[in-house]
Amino acid sequence: MAEVNLKSEELTFVREGEPLRGYASWPPKHDRMPAVVVVHDVHGLSDHYRDIARRLAREGFFAFVVDLYSREGAPRLRSLDEVQAWIQNLDDRRVLGDIEAAARFLRSRIEVKGSSIGILGFCLGGQYAFLAACLQKNYAACVSFYGMLRWREKTPNKVSHPLEVAEHLSCPFLGLYGEEDPLIPREDIKQLESVLKQAGKQFTVKVYRGAGHAFFNDTRPDAYRPEVARDAWRRCIDFFRQHLG
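Start counting at 1 in the sequence shown, then tack on 69, and there's your number in the numbering used here.
These aren't lab readings, by the way, just hints derived from the structure by calculation.
Cut-off 25 Å, straight-line C-alpha distance, at most; resulting in silico cross-link-like pairs (DSS-like, lysine-lysine):
no. : residue 1 : residue 2
1   : K206      : K266
2   : K227      : K259
3   : K275      : K259
4   : K76       : K182
5   : K98       : K76
6   : K259      : K270
7   : K98       : K182
8   : K206      : K227
9   : K223      : K259
10  : K206      : K270
11  : K206      : K182
This structure is a prediction, so every number in the text was calculated from the model and none was measured.
With the hints as constraints, model all of the structure from the sequences given.
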């Protein structure tokens with residue numbers, strides 16, 4: 070589907086009377102279509118995520134990137150220590166509430182088939198996408214690109230480590246990870262697989278050799294791995310087509 074035919078725009082949705090923002094892209098067909106909530110990384114709703122939304126739309130999905138920084142604006146983080154400190158201070162309840170409000174917003178759209186909503190996240194967004202799929206009942210499928218599986222430490226702002234709630238996963242899950250990712254130890258991935266298997270959940274985990282964190286991000290030459298990214302995207306789209314229709 071040619072991108073010129075897509076509809077793409079910034080949209081406002083509401084959570085408890087408070088206006089929030091996001092970026093949407095969708096193909097201009099009249100029948101109800103499956104939708105995907107996209108959760109960005111720690112740096113915010115960048116052009117990289119707008120491009121991901123358009124790529125999803127070209128595949129036939131109504132894509133909506135929820136802007137988790139609608140209120141205060143995206144942070145300017147210059148070091149890993151600053152990133153980690155920012156993540157630890159994020160209020161999980163607020164973030165998960167915003168994501169849930171975005172899912173409600175999608176269900177209200179006339180273009181969207183309300184029973185066919187998936188969630189897709191990257192890095193921090195992958196962490197929150199997985200938490201949402203475990204703690205909420207809004208999604209028919211969840212895909213996480215290199216979403217961390219535990220917080221650096223438990224604080225009052227952290228609801229729980231993703232691994233602690235994995236047994237409550239409410240939908241099929243696809244996890245895509247890099248073998249050389251220092252933020253996601255292989256032991257965490259093995260523990261995730263063990264918990265999901267014991268709980269009888271439907272899941273697929275793929276670990277890519279030669280790939281580290283952010284291997285899908287083509288705006289980061291230091292991390293981007295084109296062949297891995299192509300394979301991961303194909304798996305992501307096939308997974309959503311299988312479970313969202």
